[in-house]
Amino acid sequence: MPDPTNPGRQATLKVYRGTKEKGEFQSYKVPVEAGMVVLDAIHYIQQNFDPELAVRWNCKAAKCGSCSAEVNGMPSLMCKSRMDQFKHDEDICVQPLKTFPIIKDLVTDVSWNYEVNKKITPFSPSPDADWTIYQEDIERVQEFRKCIECFLCQNVCHVLRDHERKDNFMGPRFMVRVAGLEMHPLDEANRLKYLKDEGHIGYCNITKCCTEVCPEDIHITDNAIIPLKERVVDEFYDPLGKFIRNLLGGSKKKTIAATAQPVSITPSK
Amino acid sequence: MTQSQLTDLPENKLPTSNALPAYEGPTERKDNWWVEPALIAFVFTAFGIYSMFRAFENNLYEVGPYLSPFYSPNLKQYVPWFPLSPAFLILWIPLSFRATCYYYRKAYYRSYFMHPPACTVGMFKGKGYTGEQSFPFVLQNLHRYAFYFAVPVLLILWVDAFNTVYYEGAFHMSVLTVVMFANCVLLSGYTFGCHACRHIVGGKEDCFSCPKNEQKLKPAFQAWQLVTKFNERHQQWAWTSLMSVAITDLYIRYTCVNPSLAFQIF
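Residue numbers (this note's numbering), protein chains in the order written: chain A, 149 to 417; chain B, 4 to 269.
Warning: the hint list may mix true and false statements.
Computed from the model, here is a short list of chain B residues facing chain A with C-beta under 7 Å [what the hints assert, rightly or not]:
| # | residue |
| --- | --- |
| 1 | Q8 |
| 2 | T10 |
| 3 | L12 |
| 4 | S20 |
| 5 | P24 |
| 6 | T30 |
| 7 | K33 |
| 8 | Y105 |
| 9 | C122 |
| 10 | T123 |
| 11 | K128 |
| 12 | Q136 |
| 13 | H198 |
| 14 | H202 |
| 15 | F211 |
Straight-line C-alpha distance at most 30 Å; calculated BS3-like pairs for lysine-lysine [as the list claims (entries may be wrong)]:
| # | chain 1 | residue 1 | chain 2 | residue 2 |
| --- | --- | --- | --- | --- |
| 16 | B | K128 | A | K168 |
| 17 | A | K267 | B | K128 |
| 18 | B | K207 | A | K341 |
| 19 | B | K232 | A | K294 |
| 20 | B | K221 | A | K294 |
| 21 | A | K252 | B | K128 |
| 22 | A | K267 | B | K109 |
| 23 | B | K221 | B | K232 |
| 24 | A | K168 | B | K33 |
| 25 | B | K109 | A | K294 |
The calculated label-pair distances, taken between Cβ atoms and stated as ranges, are [as the list claims (entries may be wrong)]:
| # | chain 1 | residue 1 | chain 2 | residue 2 | range |
| --- | --- | --- | --- | --- | --- |
| 26 | B | F45 | A | E238 | 28 to 34 Å |
| 27 | B | Y257 | A | K390 | 47 to 53 Å |
| 28 | A | K294 | B | F269 | 54 to 60 Å |
It should be emphasised that the hints constitute simulated quantities derived from the structure, not laboratory data.
Bear in mind the structure is a predicted one, so any value in this text is a computation, not a measurement.
Yeah, the Cβ is synthetic: ideal placement off N, Cα and C, and Gly gets one too.
Between the sequences and the hints, there should be enough to build the whole structure, so can you do that?
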């Protein structure tokens with residue numbers, strides 16, 4: 149169905165075609181229909197102009213996190229970028245994620261993220277844990293479980309994007325994961341030293357771009373990164389607080405040493 | 004610095020960001036991304052110049068029961084030997100509280116340091132970046148200590164406001180009193196919505212309602228919920244309280260010149 153506000157409208161998409169080393173932008177004219185998103189336009193190009201255009205996609209419902217790209221310079225899911233947000237005469241520039249190496253056209257190699265993930269100590273409950281959990285204790289963690297791993301936050305983070313600290317900095321996605329584990333009422337592992345010395349949470353300077361681009365509206369900075377930074381402060385930068393805690397009976401922080409080995413979970417009956 | 008073992012990938016297998024031909028220049032954004040950081044830099048600079056002018060002025064800050072927030076508490080009588088304006092004995096507290104505040108960090112890293120000025124705008128590149136991991140920005144971790152100092156100063160501002168209601172044995176009310184109370188409300192919303200406060204009152208806990216903790220942590224949960232409500236609008240509290248401090252001070256300055264400007268109601 150044509151766009152009722154402007155029947156016959158055609159949008160011009162400038163799409164990156166090529167690899168990391170060699171490529172160029174190609175322009176395509178695409179008819180705009182009501183409710184159309186950028187991913188629809190990319191599919192139109194595949195079907196009508198160039199079936200070899202590479203794009204990763206799956207659900208088209210902003211839930212699989214596959215179609216991440218940069219539309220007019222802003223990281224976004226193509227399936228969530230409506231065509232009616234652009235001016236009628238505006239060229240729409242579609243590029244692959246900048247932070248991860250291009251494989252072909254709009255497809256990038258995000259496997260570095262999975263390598264980082266491997267090093268995070270997984271959920272580690274006590275063997276004799278009481279598995280009764282109240283909603284108020286699990287609510288904070290549930291927000292972090294909404295993450296669809298689109299890696300838009302990793303892409304927009306200037307520490308990874310511009311400063312290339314992929315050797316040292318875990319990025320917002322994995323701080324969200326660690327927050328979900330550290331704040332879990334049954335988790336017993338301590339990942340604070342890992343956060344400080346391996347994940348280098350200190351590299352984050354709270355500029356909140358990760359929160360701005362998150363398609364799941366996770367408050368990454370306020371609810372995950374900053375609370376983690378405060379926990380790192382508790383442990384490493386607040387001698388007075390630590391002294392008082394020790395005086396009052398010691399830290400209640402968990403004691404299981406951080407390890408990336410999976411822990412077997414057998415809930416007690 | 005500790006050698007990171009973030010991944011098992013060897014150095015030469017680490018991915019690098021895309022550059023030409025897919026990307027060129029600092030950004031591909033077409034919108035006016037520079038407006039917000041420029042506006043923030045302008046307002047911060049204007050506030051900084053005004054507050055320095057007022058601190059150095061060392062005059063027109065107290066009339067009758069009204070005392071400027073830049074000079075409160077007035078320590079002049081306690082340290083007569085101090086060669087500079089007494090404002091300098093106080094201003095370092097709100098300054099350090101705001102300078103280490105998680106919201107203001109975002110604002111000035113973008114506006115002044117351009118790290119980055121806006122999302123996907125890469126003005127500076129290179130692996131030398133260490134953020135808040137090393138000196139001087141590692142000092143941002145002392146934000147909670149700045150909070151501890153800021154709370155008594157805020158309480159004194161509340162006392163100042165109440166002092167304008169009851170003095171000389173009678174109750175009084177003026178427009179300036181209302182402005183001073185509004186300033187205290189906005190400063191309280193900002194101070195008690197602070198991320199460090201949110202952590203201290205309960206955010207540090209993993210489990211508020213575990214059977215073994217229930218009695219002990221219920222108040223912590225309620226406090227954490229309350230602070231979270233303020234924290235959700237921390238940016239708005241930060242800006243409105245910054246403006247209210249400047250407006251209250253300016254109002255008191257002009258009231259010092261012309262006391263009728265307090266607009267006494269009774």
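Right, here's what the structure says about each hint:
1. Q8: Q8 of chain B check passes; min Cβ-Cβ to chain A is 6 Å, inside 7 Å.
2. T10: This interface hint holds because 4 Å falls under the 7 Å limit.
3. L12: Result: holds, 6 Å to nearest chain A Cβ.
4. S20: holds, 5 Å
5. P24: holds, 5 Å
6. T30: At about 6 Å, which falls below the 7 Å cut-off, the nearest Cβ of chain A leaves the hint on T30 of chain B intact, so it holds.
7. K33: holds, 5 Å
8. Y105: holds, 5 Å
9. C122: holds, 4 Å
10. T123: holds, 6 Å
11. K128: Holds, about 5 Å.
12. Q136: holds, 3 Å
13. H198: Nearest chain A Cβ about 5 Å off; hint holds.
14. H202: holds, 4 Å
15. F211: Holds. Min distance 6 Å.
16. B:K128 / A:K168: holds, 19 Å
17. A:K267 / B:K128: holds, 27 Å
18. B:K207 / A:K341: holds, 16 Å
19. B:K232 / A:K294: holds, 21 Å
20. B:K221 / A:K294: holds, 27 Å
21. A:K252 / B:K128: holds, 25 Å
22. A:K267 / B:K109: Roughly 29 Å between the alpha carbons, so the hint for K267 of chain A and K109 of chain B holds.
23. B:K221 / B:K232: holds, 17 Å
24. A:K168 / B:K33: holds, 23 Å
25. B:K109 / A:K294: holds, 25 Å
26. B:F45 / A:E238: 28 to 34 Å: holds, 29 Å
27. B:Y257 / A:K390: 47 to 53 Å: holds, 48 Å
28. A:K294 / B:F269: 54 to 60 Å: This hint holds: roughly 55 Å between Cβ atoms.
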